[in-house]
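Engineer: Below, each chain spelled out in residue letters.
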Amino acid sequence: MKLDVSIYRYNPEVDDAPHMQDYQLEVEDGVDLMVLDVLLKLKEQDPTLSLRRSCREGVCGSDGVNMNGKNGLACITPVSALGKGKIVVRPLPGLPVVRDLVVDMTQFYTQYEKVKPFLINDARQPPAREHLQSPEERAKLDGLYECILCACCSSSCPSFWWNPDKFIGPAGLLHAYRFLIDSRDTATEERLNDLDDAFSVFRCHSIMNCVSVCPKGLNPTKAIGQIKSMLLQRAV
Amino acid sequence: MVTNQASVKRNGVQDYVSLRTTAVIILAFTILMTWFFITTDNITFTEWQGLFSGLAMKVFTLATLISIMIHVRIGLWQVLTDYIKSVKVRGLLQWILNLIAFAYVLVGLFVLWGV
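Chains A and B, in that order, give the protein sequences.
In case it helps, our numbering puts the first sequence at residues 1 to 236.
In case it helps, our numbering puts the second sequence at residues 1 to 115.
All the given hints hold, so there is nothing to weed out.
Here are the computed lysine to any residue pairs in the SDA-like style, where the Cα-Cα straight-line distance is at most 20 Å:
hint, chain 1, residue 1, chain 2, residue 2
1, A, K228, B, H71
2, A, K228, B, N11
3, B, K85, A, W162
4, B, K85, A, P96
5, A, K41, A, S6
6, A, K228, B, Y16
7, A, K222, A, P158
8, A, K222, B, Y16
9, A, K84, A, G69
10, A, K222, B, R20
11, A, K228, B, G75
12, B, K88, A, N163
13, A, K216, A, A139
14, B, K88, A, W162
15, B, K85, A, N163
16, A, K228, B, R10
17, A, K43, A, Y10
18, A, K228, B, R20
19, A, K228, B, V24
20, B, K85, A, Q107
21, A, K228, B, I74
22, A, K70, A, L3
23, A, K222, B, V17
Computed Cβ-Cβ distance ranges for the label pairs, DEER-style:
hint, chain 1, residue 1, chain 2, residue 2, range
24, A, V236, B, V115, 34 to 42 Å
25, A, A81, B, A103, 47 to 55 Å
26, B, L62, A, F118, 49 to 57 Å
Simulated from the structure, these hints should not be mistaken for lab results.
Nothing here was measured: the structure is a model prediction, and the numbers come from that model.
All residues carry an ideal CB built from backbone N, CA and C; glycine is no exception.
Could you put the whole structure together from the sequences, leaning on the hints where they help?
Structural biologist: And the structure:
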C-alpha cells in the first residue's frame, strides 16, 4: 500500500516562501501506522525534514501538528483516523514557523507564564509536612491538571491567532482555573485581578475548537466559562 | 497592536454582561415581531400602525434600538480588534459603525413618536 503525504516545508535560510512537498511511502498492507511513524520514515528518506518529537506516546506534547486540517499529536493519531486519500501535514497554525513543522512557541509560553502556573500559599505557618486536601477538593482538579501544553488547543483558537499578545488562550486559562479552584491556593483574588480585562479571558467566544482538538480529551471552554462566572460573581 | 488606551480601557465583565442582556432584549423583540407576522393574516397599514401605537410597544422598540446600538458598539469593537490591526483604520470604522447605530436610534425615536 502506498501512502501519499504532503508536508509543509519552509527553511527560512534557503526558501523565499513556504511550499508543500509531496512524498510517497510504501507501507505493508494491513498495518496502521501513527502519523509520527510516517513522518519519521519520511525523514529517513529526506533528512532535511524537521519536526519535534520526544516521548512518542502522547505524554510530552512535542509533536503537535496540523493533520488534514485538524490539530493533534502525530504520535497518537493513527493514519486510519485521517480517512482515505492524501495526508496533509502542516505546522500548528498561528504560531511563527521556525522550520518545516517546528514552530516558535514563545507566544504560547508567555501567555502560560502570565497565569502564574504554580501554587501560591501565603500561610504564615505552613503545615509541617504537606497541605492536605479532601478527596472532593482533589477531584476538582481532574480534567485540568492533565494538560501537557502541546498547544493544539491555543493554536486552533481564532481569538489566540488574532490576539496572541493579549488573550491567554485555552491552555493557559485551563491552567489558570486549575489553580483558581485548588483548595491549597490562597491567591484567588490576585489571580482574578490579573485576568480581569477585556482580552485575557473574555476574548473566548466559546467556539470550542479547543475541545474538539485536545488530544487529552480536556474541556478548556468549560474551565473558561467557570473563570468568567468567578469574575462575574465578584463584580456584582 | 491593540493597546488598552486604544480600547478606552474596556471592562471585560461589563462588556460580557452588556452583550448578553442586550441580546436577550433583541431576541425578545425578534420573537414578538415573528409572532406578529405569523399570526396576522393580512398586514395592512392599519394593523402595522396599531402595533406601534401603544406606549409599551414604543418603549420596547426603543429599548431594542438602544440594545442594538450597545451590542454593535461592543460586538464590532471585538470583531474589529481581531481583524483590523491599523489603529487609524479601526478607529475610523468604529466611529462610522457607532454613528450608524446611533442614527438608527435617533431615526427610530422620531418614527416611533410619529406613529
